[in-house]
Amino acid sequence: MNSNSPLYLHYKGQLARSPLFRDVSDEFMKEMLDCFRPITWRKGVTMEPAALVEQFHVIISGRVKMEHIDMASGNWVTLFVLGAGDGFDVISLLDGNIHEVAPVAVEDVQLLGASTEKVREWIRKSPAFNRNFLPYLGERMRKMEDLVADLGLKDTITRLAHLILRHTMPDPLPDKKAYPVKLIHDLTNESLAHMIGSTRQAVNRHLQELRRKGILDKHPRHLIVKELEALKKQADLYLSHSTHSDKQTDPMHHGNTD
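Using my numbering, the first residue of the sequence shown is number 61, and each one after it goes up by one.
Do not take every clue at face value.
Ranges of calculated distance between the beta carbons of each label pair, as one might list FRET restraints [claimed, not checked]:
1. R281 / L194: 37 to 47 Å
2. K178 / G274: 28 to 38 Å
3. P230 / R184: 48 to 58 Å
Listed next, the in silico EDC-like pairs over lysine to aspartate or glutamate satisfying Cα-Cα at most 20 Å (straight line) [stated by the list, open to error]:
4. K293 / E250
5. K103 / D155
6. K242 / E287
7. K292 / D277
8. K103 / E250
9. K185 / E250
10. K293 / E269
11. K72 / D86
12. K185 / D155
13. K286 / D246
14. K292 / E250
15. K236 / E287
16. K286 / D206
17. K72 / D83
Worth flagging that the hints you see were computed from the coordinates, not collected in a lab. Since the model is a prediction, treat every value here as computed from it, not as a measurement. A virtual CB, placed ideally from N, CA and C, is assigned to each residue, including glycine.
Generate coordinates for the entire structure from the input sequences, incorporating the hints supplied.
Here it is in structure tokens:
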């Protein structure tokens, strides 16, 4: 790729903002961009997990859901929603085995793809890239740990509040007291349900409750946090606030009280 071309400069600028490529030298960035190839996925495209063993992807624009599907039941859970600057699949990159998680394009997505062997070489030879990669891996593991803890210990509304809180920006919108929500702000209630092991009906009911309490903006198709401290308190609630009716309406959450 010509280092003076507008496309090269665009990709370089996008990668420089990624936590994976921050502070990488210009020389090493050029080597990387010479190996990356651009890829476009249309909304709804799903990649088979086996394909991720051979190639590592970095998102330039758009969002990708990482979904784990139980073939026996047909149920699935969304582990992450990834955005610009994120890379996948980290697990297959590390161990070379198929990771039973499928990426799904939430919207039209622009990606850069490189062979996993080449990316492993970058990890070995570039101290800067290695320093970025290990904390990024740690963040992914921490979020997975949070998901497991939520599913095992918390009721539905608390899991939902925790999910929204994890994606809430720390700074309010200009001239407003409201806080924007990133990546999941416009997902359907069904998509949110698959991120917390619940059902669309339960998520819809709990979103209405959070809006009645004034914690969320009243707009039904766009998540905006109005009361951040109240959301934090809701995210700290545990099973002591469970109800029998939630058990009946949240069949996807096995073994826990909702």
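* Asked: Holds or violated: are the alpha carbons of K103 and E250 at most 20 Å from each other?
  -> holds (17 Å)
* Is 37 to 47 Å a correct range for the gap between the Cβ atoms of R281 and L194? -> holds (38 Å)
* Below or equal to 20 Å on CA atoms is what counts here, so check K292 against E250. => Since the Cα atoms of K292 and E250 sit roughly 23 Å apart, the hinted pair is violated (cutoff 20 Å).
* Asked: Is K293 close enough to E269, meaning Cα to Cα at most 20 Å?
  -> Distance ~14 Å between K293 and E269 Cα, so the pair holds.
* Sort out whether D277 lies within 20 Å of K292, counting only the CA atoms. => Satisfied, since the Cα-Cα distance of roughly 15 Å is no more than 20 Å.
* **Hinted pair K103 and D155, Cα distance within 20 Å** => violated (29 Å)
* Given pair status - D246, K286, alpha carbons within 20 Å -> holds (16 Å)
* Asked: Does K72 pair with D86 here, judged by a C-alpha cut-off of 20 Å?
  -> holds (9 Å)
* To do: For the range 28 to 38 Å, tell me whether the beta carbons of K178 and G274 fit it or not.
  => Taking Cβ atoms as reference, K178 and G274 lie about 51 Å apart, which means the hint is violated.
* **Restraint check for K236 with E287, where alpha carbons must lie at most 20 Å apart** => holds (11 Å)
* Under the criterion that the straight-line Cα-Cα distance not exceed 20 Å, is the pair K293, E250 satisfied? -> violated (24 Å)
* Asked: Has the given pair, K242 with E287, been kept, meaning a C-alpha gap of at most 20 Å?
  -> Holds, at about 16 Å.
This entry does not satisfy hints 2, 3, 4, 5, 9, 14, 16, going by the numbered hints stated previously.
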